[in-house]
Amino acid sequence: LDVFFAIHDPTTPNRQGNDVGPQYRSVIFALSAEQLASARSKIAAAALEWSAPIVTELIATFDEYGQPITTNEARFWPAEAEHHNYFKRNPSQGYCAFVVAPKVMKARAAFAALMA
Numbered sequence: 286l287d288v289f290f291a292i293h294d295p296t297t298p299n300r301q302g303n304d305v306g307p308q309y310r311s312v313i314f315a316l317s318a319e320q321l322a323s324a325r326s327k328i329a330a331a332a333l334e335w336s337a338p339i340v341t342e343l344i345a346t347f348d349e350y351g352q353p354i355t356t357n358e359a360r361f362w363p364a365e366a367e368h369h370n371y372f373k374r375n376p377s378q379g380y381c382a383f384v385v386a387p388k389v390m391k392a393r394a395a396f397a398a399l400m401a
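In case it helps, the numbering used here puts the sequence shown at residues 286 to 401.
Please keep in mind that the hints were generated in silico from the structure rather than gathered at the bench.
Small disclaimer: the values here were computed from a predicted structure and weren't measured.
Be aware that a few hints might be false.
As the list claims (entries may be wrong) - Here are the simulated DSS-like cross-link-like pairs (lysine-lysine), alpha carbons at most 27 Å apart as the crow flies: (1) Lys388 with Lys327; (2) Lys373 with Lys388; (3) Lys373 with Lys391; (4) Lys391 with Lys327.
Claimed, not checked - Ranges between beta-carbon positions, derived for each pair: (5) Leu333 with Lys391: 18 to 26 Å; (6) Ser336 with Trp362: 27 to 35 Å; (7) Glu349 with Phe396: 31 to 39 Å; (8) Val389 with Tyr350: 35 to 43 Å; (9) Pro298 with Tyr350: 27 to 35 Å; (10) Glu358 with Ser323: 14 to 22 Å; (11) Thr355 with Cys381: 29 to 37 Å; (12) Arg374 with Asn303: 19 to 27 Å; (13) Thr296 with Phe396: 20 to 28 Å; (14) Pro307 with Pro353: 17 to 25 Å; (15) Trp335 with Val384: 18 to 26 Å; (16) Gly379 with His293: 13 to 21 Å; (17) Ala337 with Leu286: 14 to 22 Å; (18) Val384 with Ala322: 15 to 23 Å.
Virtual Cβ for every residue (Gly too), placed ideally from N, Cα, C.
Generate the whole structure from the sequences, applying the supplied hints.
Laid out in C-alpha cells, this is it:
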C-alpha cells in the first residue's frame, strides 16, 4: 500500500496524468478483511498527507463469510496482453521514458528493501 500511494495521485478521479477514464481510477481490491482494514487505515493516513480529498475506491472482493463474490464491481479484470510488462518491453517509448521511468526510479529508491 505504501508503494501504491507513493507512485500515483489518489486525488484525481478517473485519471492518472494525461490518461483519463474509469480504467485509470485509483482503486484497491481487498482480498480479505485484513486487507480491507489495512487499506482503510492507509486511505485515512493519506487523507492527512494530501490537500485534496482522496478518491481511491476500496472494493471488497469477498462477502461477510470471507467467500469470494463475483459481481462485476468486485471482479478484477486483467489487462489485455499488449499491456502486460509494457514498460519493460517499451522502455524508450515516450510515455515510458518520460513518465513511467521517473516513477519507477523514485519507487526503487524509496522502497529498495521491498524490491530486493
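*Violating hint indices (sorted, rising)*: Number 18 only.
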